[in-house]
Amino acid sequence: MAATPEIPNSDKNGERRAREPDEAQVVVETRALSKVYRDFWGRQKVRALKSLDLEIHKGEIFGLLGPNGSGKTTTIKLLLGLLFPSEGEAIVLGQNATEVSKNERIGYLPEESYLYRFLNAEETLDFYGRLFNIPADVRRERIDRLIKLVKLDAARRRQLREYSKGMTRRIGLAQALINEPDLILLDEPTSGLDPIGTREMKDWILELRDQGKTIVMCSHLLADVQDVCDRIAILHQGELKELGRVDELLKVEDVTQVKARGLSADCQDEIRQVIERHQGELVSMENPTTTLEELFLSIVRDSEARPGRRIVKQEPTKQGKS
Amino acid sequence: MILEKPLLPYFEWLLQFDKTRWGALPHFLLTLLVIAIATLLLSLLVGTVLYGPLKAGDKVYRVVVNGFRELFSLSFRRVWALARLAIQESLRGRVLIAVAVFVLLLLFAGWFLKTEREPARLYFSFVLTATSFLGLFVALLLAVFSLPNDFKSKTIYTVLTKPVRAGEVVIGRILGFSLVGTVLLAIMGVCSYLFVVRALDHTHTVVGSVLAKGGDAEGNLPETTSLDKGHRHTIQQDDDGHLFAEFAHDHDHHVGESNGRLVVSSPHETIRARVPRGGTLRFKDRQGVQVARGVSVGKEWGYRSFIEGGTQAAAIWTFDGIDEKTLHDEDDGGEALRLELVVRVFRTWKADINTPVQGVIQLKRPGSDLKTAPEFFSAKDATIDQRYFPRTLTDTNNQPIDLLDDLVDEQGQIEVVVQCLDRSQYFGFAQGDCYVRMKEGSPLWNFTKAYISMWVQMVLVIAIAVTGSTVLSGPIAMMFTVSFILLGFYREFFVRVARGIQEGGGPVESLVRLVTQMNLTAGFRGESETTSLWIMRSVDSVFLGAMELLANVLPDFGEFNATKYVAYGFDIPANQIAQQLTMGAAYVIGLSIVGYFLLRTREVAK
Ligand SMILES: Nc1ncnc2c1ncn2[C@@H]1O[C@H](COP(=O)(O)OP(=O)(O)OP(=O)(O)O)[C@@H](O)[C@H]1O
Ligand SMILES: [Mg+2]
Numbered sequence: 000m001a002a003t004p005e006i007p008n009s010d011k012n013g014e015r016r017a018r019e020p021d022e023a024q025v026v027v028e029t030r031a032l033s034k035v036y037r038d039f040w041g042r043q044k045v046r047a048l049k050s051l052d053l054e055i056h057k058g059e060i061f062g063l064l065g066p067n068g069s070g071k072t073t074t075i076k077l078l079l080g081l082l083f084p085s086e087g088e089a090i091v092l093g094q095n096a097t098e099v100s101k102n103e104r105i106g107y108l109p110e111e112s113y114l115y116r117f118l119n120a121e122e123t124l125d126f127y128g129r130l131f132n133i134p135a136d137v138r139r140e141r142i143d144r145l146i147k148l149v150k151l152d153a154a155r156r157r158q159l160r161e162y163s164k165g166m167t168r169r170i171g172l173a174q175a176l177i178n179e180p181d182l183i184l185l186d187e188p189t190s191g192l193d194p195i196g197t198r199e200m201k202d203w204i205l206e207l208r209d210q211g212k213t214i215v216m217c218s219h220l221l222a223d224v225q226d227v228c229d230r231i232a233i234l235h236q237g238e239l240k241e242l243g244r245v246d247e248l249l250k251v252e253d254v255t256q257v258k259a260r261g262l263s264a265d266c267q268d269e270i271r272q273v274i275e276r277h278q279g280e281l282v283s284m285e286n287p288t289t290t291l292e293e294l295f296l297s298i299v300r301d302s303e304a305r306p307g308r309r310i311v312k313q314e315p316t317k318q319g320k321s
Numbered sequence: 000m001i002l003e004k005p006l007l008p009y010f011e012w013l014l015q016f017d018k019t020r021w022g023a024l025p026h027f028l029l030t031l032l033v034i035a036i037a038t039l040l041l042s043l044l045v046g047t048v049l050y051g052p053l054k055a056g057d058k059v060y061r062v063v064v065n066g067f068r069e070l071f072s073l074s075f076r077r078v079w080a081l082a083r084l085a086i087q088e089s090l091r092g093r094v095l096i097a098v099a100v101f102v103l104l105l106l107f108a109g110w111f112l113k114t115e116r117e118p119a120r121l122y123f124s125f126v127l128t129a130t131s132f133l134g135l136f137v138a139l140l141l142a143v144f145s146l147p148n149d150f151k152s153k154t155i156y157t158v159l160t161k162p163v164r165a166g167e168v169v170i171g172r173i174l175g176f177s178l179v180g181t182v183l184l185a186i187m188g189v190c191s192y193l194f195v196v197r198a199l200d201h202t203h204t205v206v207g208s209v210l211a212k213g214g215d216a217e218g219n220l221p222e223t224t225s226l227d228k229g230h231r232h233t234i235q236q237d238d239d240g241h242l243f244a245e246f247a248h249d250h251d252h253h254v255g256e257s258n259g260r261l262v263v264s265s266p267h268e269t270i271r272a273r274v275p276r277g278g279t280l281r282f283k284d285r286q287g288v289q290v291a292r293g294v295s296v297g298k299e300w301g302y303r304s305f306i307e308g309g310t311q312a313a314a315i316w317t318f319d320g321i322d323e324k325t326l327h328d329e330d331d332g333g334e335a336l337r338l339e340l341v342v343r344v345f346r347t348w349k350a351d352i353n354t355p356v357q358g359v360i361q362l363k364r365p366g367s368d369l370k371t372a373p374e375f376f377s378a379k380d381a382t383i384d385q386r387y388f389p390r391t392l393t394d395t396n397n398q399p400i401d402l403l404d405d406l407v408d409e410q411g412q413i414e415v416v417v418q419c420l421d422r423s424q425y426f427g428f429a430q431g432d433c434y435v436r437m438k439e440g441s442p443l444w445n446f447t448k449a450y451i452s453m454w455v456q457m458v459l460v461i462a463i464a465v466t467g468s469t470v471l472s473g474p475i476a477m478m479f480t481v482s483f484i485l486l487g488f489y490r491e492f493f494v495r496v497a498r499g500i501q502e503g504g505g506p507v508e509s510l511v512r513l514v515t516q517m518n519l520t521a522g523f524r525g526e527s528e529t530t531s532l533w534i535m536r537s538v539d540s541v542f543l544g545a546m547e548l549l550a551n552v553l554p555d556f557g558e559f560n561a562t563k564y565v566a567y568g569f570d571i572p573a574n575q576i577a578q579q580l581t582m583g584a585a586y587v588i589g590l591s592i593v594g595y596f597l598l599r600t601r602e603v604a605k
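Those sequence lines, one after another, are chains E and A. Position 282 of the first sequence, counted from 1, bears residue number 281 in numbering that gives the first Met the number 0, the numbering being contiguous throughout. Position 76 of the second sequence, counted from 1, bears residue number 75 in numbering that gives the first Met the number 0, the numbering being contiguous throughout.
Bear in mind the hints are in silico, worked out from the structure with no lab data behind them. Some clues are possibly wrong.
[Claimed, not checked] EDC-like mimics (lysine to aspartate or glutamate), calculated; alpha carbons at most 20 Å apart, straight line: (1) A/153 to E/110; (2) A/153 to E/161; (3) E/44 to A/602; (4) A/563 to A/491.
Hey, can you work out the whole structure from these sequences and the hints?
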């Protein structure tokens with residue numbers, strides 16, 4: 000993993016620290032939360048979550064990380080009351096997670112978008128809007144705004160059964176935002192999305208955070224998590240392995256990475272000597288490569304700016320916000 | 000058609016609360032209470048085993064308190080949203096195919112529905128049975144797979160993570176599918192009615208000219224109409240010289256003229272809704288003393304009791320509410336009270352079986368001796384005898400009396416006295432065997448009422464299916480609902496087994512009898528209390544207890560079948576419909592509550 004803290008639209012990053020999470024306001028709290036899956040006869044099948052203690056504050060993006068089957072989805076379902084804890088408890092927005100009324104202020108994007116395939120985008124949002132008792136005019140206005148936000152304007156009258164996976168994710172997100180929730184739970188928000196979609200999703204998440212909402216997302220795509228999360232928890236086999244601020248967790252104290260542009264071979268030699276002189280070990284010093292994601296993004300962005308022209312090679316140094 | 004078990008007045012049926020009978024409402028409340036307490040105890044027990052008493056108590060307490068809280072936070076908008084979803088689901092699921100199938104069925108029905116007599120009966124039985132089954136089937140399929148599909152496709156996750164109360168999911172589903180079913184039934188009902196009306200409508204041709212109408216020079220009338228729809232009529236002339244096609248095949252026609260030719264009109268009164276008014280029956284014994292029951296002749300099933308011929312014994316019906324409106328306008332311009340009487344004849348000596356037994360019928364003013372002159376009739380066993388009593392009658396002294404003014408007392412009551420004349424022969428009567436024919440009801444409304452009955456039944460099936468499917472998977476829920484329906488149809492038998500009235504014993508005993516090919520009534524060998532016999536009986540008594548409990552909540556599906564009324568041309572009492580609607584509502588409420596708790600305590604994402 001290249002530890003590049005810079006993300007393409009770096010001006011967004013400037014805003015990123017505009018609102019600090021409110022440490023005093025705890026939105027989600029779990030106390031010794033455990034889940035054991037049992038079969039019909041009550042025999043233990045899997046211990047999916049082992050005594051999890053978490054506190055998530057208002058206004059932060061909290062990432063749950065871990066390999067497949069580590070208990071991320073289980074945690075989210077416990078927070079939603081879709082599962083009942085075997086032990087411990089989860090307090091969400093000041094209420095027990097099994098209470099229904101807490102859902103008024105929650106938005107949830109499931110792992111896969113579990114939506115009614117016989118409805119179209121508008122009907123879907125309308126249906127979920129009604130479940131929140133949102134009055135008709137507000138509902139209509141919000142549906143319109145959300146459909147535009149997730150860029151499904153062209154497909155708003157098509158049944159979801161015809162949607163591609165990425166489109167389904169988009170309508171899934173719109174559905175999660177219909178009630179303008181304070182707490183948003185996203186289960187692998189970027190799965191199934193193309194790089195642009197991924198980028199957009201991350202931007203939306205940041206934007207939502209900037210509006211003061213709390214976001215809990217889980218993913219095993221480290222890059223995504225790293226890009227957006229303020230704090231993360233790493234789960235492995237149902238156990239909490241790591242918990243803390245992303246920048247602190249990613250800071251590797253004893254490694255210095257040198258990255259420069261326009262150095263001559265002489266100059267590089269000189270730097271090597273300087274490192275040797277100080278008893279350092281040169282890990283790497285080479286021309287930087289861009290990540291695949293960045294390359295793909297710049298190609299698409301260029302082709303959007305100048306339609307028709309085919310781009311063969313793009314100088315990574317030229318990229319930026321166009 | 001008079002019910003063998005007369006309908007109780009609505010409010011008595013609903014509210015009565017004493018030793019003899021518990022009305023529907025107390026019964027409903029008691030059932031809810033018993034179920035609630037039983038469930039509470041059971042969950043406490045199971046919880047204690049799993050988590051220990053304290054935690055179990057806490058959990059159960061929370062579920063109950065939550066339940067009450069959420070019961071009162073039901074939002075109609077959310078229920079309606081979920082109902083709309085159910086409707087959309089059904090429509091996109093091509094429920095309209097069912098309608099298409101039905102219409103096709105009707106189109107081709109004309110081919111195979113052929114009958115020599117009483118076509119209305121056949122057609123009505125056919126359409127009502129067809130809609131009833133098709134409606135039930137479609138409702139069942141829609142309702143039973145909906146929630147399980149939501150669980151399977153996990154769409155329920157996105158619904159239940161909204162502020163949706165579990166009760167709203169259940170009620171919304173019931174409402175939505177009921178609406179779909181309503182539209183379905185309405186379409187099928189309209190088609191059916193049109194089908195029957197069209198199928199019954201017909202004319203005949205008559206060979207002959209207008210000249211013949213008044214009887215031509217030679218006095219020749221055409222004798223019969225042509226043979227159409229499997230029957231022909233003989234042509235008659237009434238007192239005014241009008242021609243008509245004589246009553247046959249359940250109807251008659253006018254014969255008019257047009258362009259110098261005789262034309263047969265459409266049939267009259269092919270569809271009817273006769274309204275019988277039942278009375279109360281009491282008896283007098285051979286000395287003319289009031290008794291509660293007549294003689295038992297040791298046959299039948301105690302339902303009818305008998306009066307002896309050639310004695311003072313009499314059967315006396317008292318009818319209420321006799322006034323102007325009860326009388327029918329007759330063709331001759333007068334008014335008449337119409338009575339219908341069914342007589343069971345029991346012979347103690349064998350005469351010619353075809354010689355009818357003589358009886359006499361009189362109208363009498365209650366509490367006085369004023370009676371009409373005896374009117375004699377010959378009773379054939381178990382046929383409906385129609386009696387018309389005109390407004391002006393003569394009493395036993397041959398003095399003219401007025402039916403309403405003289406024979407009906409201040410309470411609007413009149414008595415009908417029936418006696419048997421032949422010595423040592425008996426007439427058998429039950430309360431429903433004599434009734435006053437009231438003014439005809441509207442056939443269309445009657446047909447609609449039959450559909451309302453059917454509708455209640457459909458809603459009931461939907462409610463059962465939705466409730467069952469909150470915890471069961473699709474196919475299992477289907478089996479559950481179907482067994483509920485079957486048990487409901489055979490409720491009477493089921494109750495008899497549960498109460499130990501049915502021969503053959505409980506489930507285990509009858510299984511043993513089945514396997515050993517033992518006669519139902521035969522005693523077990525030696526009939527001594529062997530251990531195995533004791534075990535069998537004990538297990539059975541547990542089963543029977545459970546069955547008895549189940550019988551208490553089992554709806555009687557047979558009751559919803561109004562086909563007989565419509566097919567035989569009787570009006571369905573509005574009271575019966577009211578009772579069924581009430582019962583349907585009670586089941587929907589009860590099942591929704593059960594469904595709420597089932598869904599609420601279900602771990603959704605498991
Ligand atoms: N309904 C279930 N019944 C039994 N076991 C389950 C169930 N759901 C999840 N598990 C088990 O619980 C463990 C954690 O599953 P979970 O879905 O929380 O993982 P995850 O971290 O979300 O994985 P992924 O990254 O693949 O989505 C796994 O071992 C899984 O097999
Ligand atoms: Mg997962």
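For each hint, the structure was consulted:
no.	hint	verdict
1	A/153 to E/110	holds, 11 Å
2	A/153 to E/161	holds, 18 Å
3	E/44 to A/602	holds, 16 Å
4	A/563 to A/491	holds, 18 Å
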